[in-house]
Amino acid sequence: MAELLSYEHVDISYGESVVIHEACFSLAEGEILGIVGESGSGKSTVLKAAMNLLGRDGLVTRGDIWYRGRNLPDLPVEEQRNIYGPELAMIFQNAGSSFCPIRRVGVQLQEMMAAHGCRDRESVEEKAMDILGKFGFDAPKRILDSYPFELSGGMQQRVGVAAAMLLRPRVLLADEPTSALDVTVQKQVIEEMLLARKLFGTAILLVTHNMGVLRAMADKMLVLHRGETVEYGRTVEVMAHPKSDYTQRLLAAVPRLRR
Amino acid sequence: MEEFLRAEHLHKVFSSGAEKFTAVDDVSLSLQHGEKLAIIGESGSGKTTVARIIARLIEPDGGRIILGGKDITKTKGRELRQVYGVMQMVFQNPVESFDPRWTLGDGICEGLLNHGYARAEADKECRRLLSMCGLEEDFARRYPYEVSGGQCQRAAIARALALSPKLLILDEATSALDVTVQAEVLSLLDSLHRELSMSYLFICHDIALVQDFCHRVMVMHQGKVVEEGNCDHVIRNPQQEYTKRLIDSVLQ
Ligand SMILES: Nc1ncnc2c1ncn2[C@@H]1O[C@H](COP(=O)(O)OP(=O)(O)OP(=O)(O)O)[C@@H](O)[C@H]1O
Ligand SMILES: Nc1ncnc2c1ncn2[C@@H]1O[C@H](COP(=O)(O)OP(=O)(O)OP(=O)(O)O)[C@@H](O)[C@H]1O
Ligand SMILES: [Mg+2]
Ligand SMILES: [Mg+2]
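The listed protein sequences correspond, in order, to chains A and B. For the record, in the first sequence the residue sitting at position 163 is 183 according to the numbering used here, with numbers rising by one throughout. For the record, in the second sequence the residue sitting at position 225 is 1533 according to the numbering used here, with numbers rising by one throughout.
Since the hints were derived computationally from the structure, they do not count as laboratory data. What you were told as hints is all true, and nothing was included just to trick you.
Derived pair list, reagent style DSS-like, types lysine-lysine, alpha-carbon separation capped at 30 Å:
1) A:Lys-207 to B:Lys-1532
2) B:Lys-1552 to A:Lys-161
3) B:Lys-1328 to A:Lys-147
4) B:Lys-1378 to B:Lys-1474
5) A:Lys-154 to B:Lys-1532
6) B:Lys-1328 to A:Lys-161
7) A:Lys-154 to B:Lys-1552
If you're wondering where the values come from, they're calculated on a predicted model, not measured in any experiment.
Build out the structure end to end from the sequences listed, making use of the hints.
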């Protein structure tokens, strides 16, 4: 399968401090790569680097992030509009603050779609209702008519996932997309992401702390520890035979339900 | 054991334009001294709203809250500040719970300074709290948008512990932590529970974690408590349809 996204020897710093060292991995069409690791190890940083969202102090100091022949850290601003959204879309770890607080959710989704050329309001609304309906909302219209602060943490997160998926990107950069969801809703959201992969070949870079979610979704996994890649391989193999000490400790610490 | 917190018949209706929405529908709960009580349940079922009512951050449309034998339902001003010396909350969204114009250290010291600490003492205490939560001293000088999700969450826990409360309401307070750091934070909370007999109201979607950490669990669905009891008992013998569905959906 065609490689879509590849990180080649990537170093990333905030100011003086290097937080990612030698990140090397790739993602093919329809593939799901899970990234796990200690809090603060640089997972969100890896995703933000592809989106040019590292902020004032953040910088890719070495290496390339290739997306279909373009090096993302060097992407001119004019081209960013065409790529970010329809090609690569991100689901943020902190869903609540990725929305404008003073405008209704539905209006914001309409604006986002219009910015990418979808101006048919009725069809956008229909699609939004459809996807929210699959995320466990009985009354999706109420969600579209709400302000972000009127939604619970998990409701905001689902809207964030829906927004990214509405654009039907080729690559979904999903940073903890189900961390605020109860397990029944989590299951529904996972099923939708897997369906997008099956129907449209969506590739997913998935950051998660949840090993169950990882196992259910990721073909490959990468383990980060203090900015270094300590493990990278097929999920089933890494889970069965973790090589690094850190991965072993991580897997051993997963709480298990006793039924 | 002695009752520490009681909430009776809490009720909350939100209105948005002409629409009315019942978020909390006759919820009662009771927490003993030194007890760890979990609330699990559907996203949007009213868990955070219950927590915010108990923490006196929103007004209920009905019901009473009794903390340490005292009715705090209408407590205001100075008296409410005293209540916050006893009861603290860690919010579901840690980044938004810090003022972006302040460093994390400023946020953690604020309560200490309000409760009579001198600046130098407060700074020292702040460093101690951060290190207890697994963060190095220099985090005190960082802004909330300059740290990772899980680091901000730990700073929020440090802030909540600052005044040595007797009751901590934790709203998804470990959901941004990897399992090893999560285990460290929970063992810190456990030791405070044992040594100082702290009580916890623990809102969490991770049912296995709830089973490890808590004594009792309440299950919420559409604004109501549908089931409650001892954790092992509820998890092994769920009675309600919703609880069964929830437990069957856990990914192992
Ligand atoms: N804007 C910034 N300025 C300085 N340091 C930063 C900034 N953003 C993040 N960092 C630091 O970079 C490191 C990596 O952060 P990142 O957010 O990528 O971690 P993460 O793996 O996503 O963690 P978590 O699981 O807690 O979300 C952390 O140590 C963090 O403190
Ligand atoms: N300020 C508000 N205005 C209007 N509706 C609100 C407001 N706050 C909460 N709600 C509604 O109340 C219901 C309960 O929300 P709450 O945040 O308590 O849920 P929760 O159980 O904490 O969910 P989650 O697990 O997703 O965090 C939701 O339907 C939400 O939309
Ligand atoms: Mg992160
Ligand atoms: Mg909540």
